[in-house]
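Engineer: Line by line, the protein sequences are chains D, A and U.
Per the working numbering, the very first residue in the first sequence carries number 1; after that it's consecutive.
Per the working numbering, the very first residue in the second sequence carries number 1; after that it's consecutive.
Per the working numbering, the very first residue in the third sequence carries number 1; after that it's consecutive.
Any given hint might turn out to be false.
Stated by the list, open to error - Within a straight-line C-alpha distance of at most 30 Å, the following computed BS3-like cross-link-like pairs (lysine-lysine) qualify: (1) A/K74 - A/K107; (2) A/K116 - A/K104; (3) A/K150 - A/K74; (4) A/K65 - A/K150; (5) A/K116 - A/K150; (6) U/K54 - D/K159; (7) D/K30 - A/K116; (8) A/K151 - A/K104; (9) A/K332 - D/K30.
To be verified - Not close to chain U: a few residues of chain A, all C-beta gaps over 10 Å, as computed: (10) A3; (11) S54; (12) P72; (13) F229; (14) S250; (15) H286; (16) V302; (17) V322; (18) Q336.
Claimed, not checked - Derived CB-CB ranges, DEER-like: (19) D/R117 - A/D165: 36 to 46 Å; (20) U/S44 - D/A278: 35 to 45 Å; (21) D/L227 - U/T206: 22 to 32 Å; (22) D/A278 - U/R67: 33 to 43 Å.
It is worth saying that the hints were derived from the structure and are not from the lab.
As the structure is a prediction and not an experimental result, all values here were calculated from the model.
C-beta atoms are modelled at their ideal positions from N, C-alpha and C, and glycine is treated no differently.
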Amino acid sequence: MHTPMVETTTGRSSPMTLTGYQRRAAWHLKLLLAPSVLLLGTFVIYPAFYSIYLSLTNEALSGPAALNPRFVGTRNYVRLFSDGGFWNSLLVTFWFVLGSAIIGQFILGLVSAVLLRRPLRFRPLINAIILMPNAVPEVVAGFMWVGMLAGGEHATLNKIVAWFGIPSQNWLVTFPLTMIIIVNTWRGIAFAMILLTSGISSISHELYEAARMDGATPRQIFFRLTLPLLMPTIFLYMLVSTVTTIALFGLVYALTRGGPGGATEIIGIYIFNQSFTAFQLGFGSAVAVVMLAISVVIGIGYVRLLKVQV
Amino acid sequence: MAAIELNGVQKSFGTVDVIKGVDIRIEDGEFAVFVGPSGCGKSTLLRLIAGLESINAGEFLLDGKSMNEVAPDKRGIAMVFQSYALYPHMTVAQNIGFSLDLKKVPKDEIRAEVEKVAEMLQLSELLDRRPAALSGGQRQRVAIGRAIIKKPSVILFDEPLSNLDASLRVQMRAELQRLHQELAATVVYVTHDQIEAMTMADRIVVLKDGEVAQSAAPIDLYKRPANTFVGTFIGSPRMNLLSASVRRSSDGSVEARADNGWVIVLPDGFSAFDGDRIKIGIRPEHLRLVALPAAISAKVSVVERLGVETYLTFNHPKGSIVARLEGDITVKVGEQVGLEVTENACHLFDSSGASIQSG
Amino acid sequence: MPNGSAKNSASVKSADAAAYGVLAVISLYCAIPFLWVFIASVDSEPSQFLAWPKEWSLQNYINIFARQDGFLWIANSLIIVGSATLIVMVLGGLGGYALSRSHGWWRRPFLYTIILIRVVPPTALIVPLYKVLLTANSVVGGIVRAVMPPDLVRPTMHIFGFIDGYLGIILVLAATQLPLALWIMKTFFDTIPRDYEEAAVMDGATLMQTIRRVLIPLALPGLGAAGLFAFIIAWGDFLMPLIFLSSAELQTLPLGLFRAYMRVNQLDYGFMTALAVIYTLPAVIAFGFARRFLVQTFGGGVKG
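Please build the complete structure, drawing on both the sequences and the hints.
Structural biologist: As structure tokens, this is what we get:
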């Protein structure tokens, strides 16, 4: 009993009773946090609320509205929900998240995590190779894959599929959505693998030994033991990767800039295009508010899942 | 010179009163031990003296001067933390000399002081090591070194031996006592271990629920516990407590009839009325076996033979009794034996638990 | 186990072979784009496609610095990302300490806010952020024009401007990375016992001395992790420079690369691949260091 029990359960002295050195110390703490509050307040929190206001105006970067923006009420939202481009971007984002984060990255990450538990000789090398795509900047990733997926029979992917008798094509034009899913899967295997590896290794070794004593086969051990025990980690992964994938911009922008014809216009690109290509800041803000709301809902799920104790 | 005086000291965390008006006086050069069960407030009291917590009410005087508003480092008090709190990124020498370094004492002077302290603590060979490369006992000594280099008038110890193994603890106990004599500083030492308290202290302060249960020399505490709490807290196995009623006979003799059927003759001068409810405290070592038939007889429930002594437990729904007997006694479980209480060894408490020992 | 050891080792071998087969496919998928970029960057006749060079050459790298403003782009990236990282480490360290040690009523809402900020997509903020920076920029511009001689206004605005200036993008990048750093540092300080600070107080250290002599050395691993993550994400970020930087003098590596391959009719693959390698290298190195912290960062909330 080094610090009194009561202290840890009820917290330290109430501000009323602090004296001297302690009151100074409490004041110091607020001072240390002040610059962070200022920075976050100015560049994150105020803009987040400001976007709600902007979404109710016809603010624009050019034209008459740029000089004299007006309050237009919910007109942006009305337009938004009848706008084909908006629904298209939501749908594209949905398939993108489902295909890359929920299915592609997760399955390949899980397979890699499970297989790399074996004491293989080349384990460190394979590990490093799988991690590389996660480390590469988004523009470089986009640039790499523009090359990989280019048209013409000399293009790298076309040469590979030629072995299987598949005709050459310009992949980013013929299968744009599938391709950005493949590229983002490539980029995110590592994150899934790292998270799932830590989840798997936190399962007690004795459980596996007990299961083997009970006569379970490796397949049974995986599906009846590993997978159920991994569920919290899997949920955590799904939430985090969904949030980050919704927020994605640079990778897809560098690959396709949302094209062709909006086929890869995920919501981040849609906001960018509406705001900085079509210069409609008010309308872009309305989309941003919808996106913000979706992310915050998932974020609250994340907080509750982690049972964050702060 | 450093006499410690706490006058009506109170401390609460939020709505929880941890220290509820404590008066303690510790003389200059005394080795005082605060002892008590978990949550009794002994560590908080120590931190109040250190200045790490502020006092809500009452006063803390050091040599007659109020310390309530004095910063921790200006009180002339050093503290040895339970975790030792040795800075892991500094060597032993840097750890010990840190307070001097902060005061901008010249480097060579610091080195000389550090070496002096290190020699006293047998740390000279270890000065360039980091705490991670030290054993538990060595870390303990570095923590002490860091405290004594400041030449404090008071050194505070917060359960310093609780992280050491048993044999090292015995050794460090002796070493701490030696240091105390050498330094001639007032020591306040917090522990929950009554053996540490009994062996080292000049004065023991027993704390219970944020109040002083008793403050006295160790042997006085053992011989004259002020209440049942102190009586049962000090001594092992713990003091047996029997609830009883007082009976005054017509011939003037007074006896107590315990609820478990035992009858114990009380000393003559005992002032109580017929029918008073009291508690009788009998230390296990003050019971001995006698041949049957005897005034007290009981059935043995548990026998623990330790070789040098034997513990017998007598279970009873109105309170079990433990006897601590010298030597190896070969009685069997279930056997009926006669018992006798050493003369004048009973401690008598009123129904609230306060001592009513006659003069 | 009934299985004999011979049968066991045979089944282990075939399972290992299967594992290698699957992992080889995944590894190729991951590695081929890198192979192309790296090989093309040292090819004297680079193309858009993976091919073995006829002649090796470092000319592509030399060209970045000799024929283009490679140094400028690297310097701009380092200044912007480096400053943002530094700000994040300082503010994250101080704020994380405060969050760990404080018991004020504001602590809990603040921490929840930080977690929610982490899920806010940057793309959702760019429009209002642009407006905020536009306002700040015109304020700074007014001041600069008032105090600076006209020929120095443009260079000064490149440093202190909020749109198309270092200051604006540095602060924006720092703000977007700060929540993670605060969280990492708060969690880290939670693991450092208060005893150290109290021992320092007893030793007579002031708050600044405690921070400098005791807390910073103890917090170095945490600060390192926070700094690495801030650096990696800010280094790889493309959105903010795309929106907030336009002058050629302020071009950073991602913009340089992006603009180079958007010039469809004059693509120089040697130049682009070499630039990609240069741009990627710091990120990969930093990622190598940061890897072991990755899990703790996302699971960090569990321990809180």
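Engineer: Next, verify each hint and record whether it holds.
Structural biologist: Hints, one by one, checked against the model:
| no. | hint | in the structure |
| --- | --- | --- |
| 1 | A/K74 - A/K107 | 22 Å, holds |
| 2 | A/K116 - A/K104 | 19 Å, holds |
| 3 | A/K150 - A/K74 | 11 Å, holds |
| 4 | A/K65 - A/K150 | 20 Å, holds |
| 5 | A/K116 - A/K150 | 12 Å, holds |
| 6 | U/K54 - D/K159 | 19 Å, holds |
| 7 | D/K30 - A/K116 | 42 Å, violated |
| 8 | A/K151 - A/K104 | 16 Å, holds |
| 9 | A/K332 - D/K30 | 69 Å, violated |
| 10 | A3 | 21 Å, holds |
| 11 | S54 | 13 Å, holds |
| 12 | P72 | 5 Å, violated |
| 13 | F229 | 30 Å, holds |
| 14 | S250 | 66 Å, holds |
| 15 | H286 | 43 Å, holds |
| 16 | V302 | 42 Å, holds |
| 17 | V322 | 39 Å, holds |
| 18 | Q336 | 56 Å, holds |
| 19 | D/R117 - A/D165: 36 to 46 Å | 38 Å, holds |
| 20 | U/S44 - D/A278: 35 to 45 Å | 44 Å, holds |
| 21 | D/L227 - U/T206: 22 to 32 Å | 55 Å, violated |
| 22 | D/A278 - U/R67: 33 to 43 Å | 36 Å, holds |
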